[in-house]
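Student: All chains, please: the whole structure from these sequences, using the hints.
2 protein chains.
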Amino acid sequence: MMHRLTRLAAATALIALPATAFAQTMDVAALRDAALKDDLAWEITEGLTTEIGPRLAGTEAEARARAWAVKKLAALGFSNVRSEPFDMKTWVRGAETLEVLAPFPQPLRLTALGNSGATPAAGLEAEIVYFPDLAALQAAPGGSLKGKIAFVSHAMTRTQDGSQYGAYGAVRRSGPASAAAKGAAAILIRSVGTDYHRNPHAGGTNFPKGVAPIPAAALSIPDSEQLERIVKRGQPVKVKLTLTPRQIGTTQSGNVIADVPGSDPDAGMVVVACHLDSWDLGTGAFDDATGCGIVAAAAKRIMDAGTPRRTIRILWAGAEEVGVFGGAAYFNAHKGEKHALAAESDFGADRIWRVDFKLPDGAAAVGDRVAAALAPLGIARGRSPAGGGADVSALIASGVAGIDLQQDGSRYFDLHHTPDDTLDKVDPEQLRQNVAAWTAMLAVVANAPEEIGSSK
Amino acid sequence: MMHRLTRLAAATALIALPATAFAQTMDVAALRDAALKDDLAWEITEGLTTEIGPRLAGTEAEARARAWAVKKLAALGFSNVRSEPFDMKTWVRGAETLEVLAPFPQPLRLTALGNSGATPAAGLEAEIVYFPDLAALQAAPGGSLKGKIAFVSHAMTRTQDGSQYGAYGAVRRSGPASAAAKGAAAILIRSVGTDYHRNPHAGGTNFPKGVAPIPAAALSIPDSEQLERIVKRGQPVKVKLTLTPRQIGTTQSGNVIADVPGSDPDAGMVVVACHLDSWDLGTGAFDDATGCGIVAAAAKRIMDAGTPRRTIRILWAGAEEVGVFGGAAYFNAHKGEKHALAAESDFGADRIWRVDFKLPDGAAAVGDRVAAALAPLGIARGRSPAGGGADVSALIASGVAGIDLQQDGSRYFDLHHTPDDTLDKVDPEQLRQNVAAWTAMLAVVANAPEEIGSSK
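Protein chains in written order, with this note's numbering: chain A, 1 to 456; chain B, 1 to 456.
One should not assume that every hint holds.
Given that identical chains are not distinguished, each listed pair holds provided it fits within a single copy or across any two copies.
Heads up, simulated SDA-like pairs for lysine to any residue below, C-alpha to C-alpha not over 25 Å straight-line [what the hints assert, rightly or not]:
id, residue 1, residue 2
1, Lys-232, Ala-67
2, Lys-148, Ile-248
3, Lys-240, Lys-335
4, Lys-71, Arg-233
5, Lys-71, Lys-238
6, Lys-182, Thr-251
7, Lys-37, Thr-244
8, Lys-338, Asp-161
9, Lys-238, Ala-67
10, Lys-240, Arg-93
11, Lys-240, Thr-97
12, Lys-240, Glu-60
Treat the hints as calculated values from the structure; they're not laboratory data. Because the structure is a prediction, the values reported are computed rather than measured.
Tutor: This is the structure:
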């Protein structure tokens, strides 16, 4: 690690002209290009995934991640580094096994969905009812699944922009509630993902008030296709499902926040966010240690170059995966402060290929300057309105401006919420391109003379 | 399945001239090219992996695989289809977990090696001693590992011919015995593999007489690199290892055998082999359901084309993975019969790229004709002596001729002995190229007028 910091110091020294020279006029291109040699985002990603590992929201592991984060951000020289705790209801995983009992006995691999109910400890034996997609499940008559286990597939495929997650994620988000309402004893879904490894994809589901949670789990994609083949042989398929997750009541989560103070408090803050928690199966490298590394590395580059006009606030949010509790806590605690713009990195760390904006008309030129600064990195301007990542979406919905730096998501849903989301998946070169893009964006936005955003 | 068989029947009808026309003069090129449309190898692979799934040697699942195999081979019209049972000592997996306790608490993923000893049910807590490779472990002073857990890495990389398995497999085969001899409480190794998924690679190890088995397990490669990073932080690393495998005593395994009777009993048999058992984590698609599909599909094509000169014997061996018990049982039971040549498919089902021979001088022309028939499939002639797969190596060592049809092994050790060895990994087009190569080889060898092989 020391070698990396030494190299970083040498690299940043090249651009560390006196701070006064930079007020509102940082050399965006020089900052961007120097960031292509960044090692800090990798160092943060490697540190968080190695020294903490999985960090499920509300658990002791997430608390250790907060302590790690406060120490790290303070050591990097940021200001006002602190943890802002909040309470949450916490769900934790238990045993999870599935055995096909008939007609072809064999084990299959799966993982419980967040908020899943539990089977008896000795397991639940029942027959499978197969549905090719969520619509077919929803069309099943009420009560028709009584005592059965619904098994729902889907046809999610790989896309660069990850847009299929919206549509195909519904089987996870609302399939369990639908099956429960029809009397099912449990539900199994094909993992919402695009890989072919024996690693199921975790993720949250929810049961509305009045619908008692049923056991709900995702099969890995090879296992899901295996169960489909077994079902399609035409004989009744009986399985034994054991899932013993628990709601452990109220525990503490929290956001970690750090600032790069700006010279003009009236200009409004620029919030750069990621989330610190992860699902519990992997070490949350792509989701979202890299995001935390990217936004902190970019903010540090601006800080090291001088005092920006606007305060840059780093938000490493807690408890995103399980319901964006950290984003909500931040919004509730800080909505009274003036925010100019918010952006979040929460889609891995493959190369950024597109930038989208939501800017007030008076700040259109800011978008033009950001787009021009990003073009040399191979980033095109999109036409979608920026919405932010989950943790800043409330801010943006409230009127704060937003910029989305869109990563290539072609392999994101191979890894998303799986045991395979580990450090080895991160490509250091693409990670550096991310830091360069964020640095360029911040160099423009944090120093822009225009009024940006409309909150407060 | 019916559609596939219908298409297969149509395809084979095109080349099904009267059998007498084919004695010793089958149209090798026509048989080879028709086999490029084969669906039978896929059907066998799909059936065995779907209807049986994992089939660890000596278990009830392997017994079901034998019953499935006898039924399938009989339905395909082969002669003398039978199971030849034998007894074996059987090891079965139990619980397997690893928790880093300090300095960075987190779970890691691993799997017990075959013949591993067990920890107490409540687990074993001990400190890690890291070795970069097997040589470093072997150089450790006797007694220096007392009460510790050895952790051994290695530098296996991807090769087309799989040649690194010989050298780097040693850490699995002899590392545990070495650690045990030095007093280690247990041993962890980096999986012998080339992938980056959270799927550890199983595989057998052995403890010599007088060395009590210790708990021995393989970490997945991402987990192994994670543990290396943790160790290299420099603080003592304490873990809790739980492995509860058991030796369950003597159970039954068996070989499944089927013949295509030849017209000349004195010419000696041609044995085409695979193994029916698999490791227990995956469904044994690449290892070795495809091999069984390939050799049976090729033999059926010869059978459907007429009566070959030599009897073709299909050997679907039992208990290969755990010690080649099926190959030994076959050799002991059948070494008195005249065998001309033996070959085995046990290296996945990616394209065959090379053919190697071990033929008596008088049969050199057979090798030339086989090589010529394979060249249009993109298969080059190698210079290594054929040694057969494990199940026929005793036959070949005894003087029987051999041909090795070498598959591209570039991704074989991504999947080998892992949960990821499932049907979805099989490429139907490359599988068909395998069938075409085996069909061409059999069409030449089973009908060759030359004397081949020297046993009996």
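Student: None of the hints should be skipped; say for each whether it holds.
Tutor: Structure-based check of all given hints:
| no. | hint | verdict |
| --- | --- | --- |
| 1 | Lys-232 - Ala-67 | between (51 Å within a copy, 22 Å between copies) |
| 2 | Lys-148 - Ile-248 | neither (27 Å within a copy, 36 Å between copies) |
| 3 | Lys-240 - Lys-335 | neither (49 Å within a copy, 46 Å between copies) |
| 4 | Lys-71 - Arg-233 | between (57 Å within a copy, 17 Å between copies) |
| 5 | Lys-71 - Lys-238 | between (52 Å within a copy, 24 Å between copies) |
| 6 | Lys-182 - Thr-251 | neither (32 Å within a copy, 46 Å between copies) |
| 7 | Lys-37 - Thr-244 | neither (47 Å within a copy, 48 Å between copies) |
| 8 | Lys-338 - Asp-161 | neither (31 Å within a copy, 63 Å between copies) |
| 9 | Lys-238 - Ala-67 | between (47 Å within a copy, 21 Å between copies) |
| 10 | Lys-240 - Arg-93 | both (18 Å within a copy, 20 Å between copies) |
| 11 | Lys-240 - Thr-97 | both (8 Å within a copy, 22 Å between copies) |
| 12 | Lys-240 - Glu-60 | between (32 Å within a copy, 18 Å between copies) |
Hints 2, 3, 6, 7, 8, counting from the list given before, are not met by this structure.
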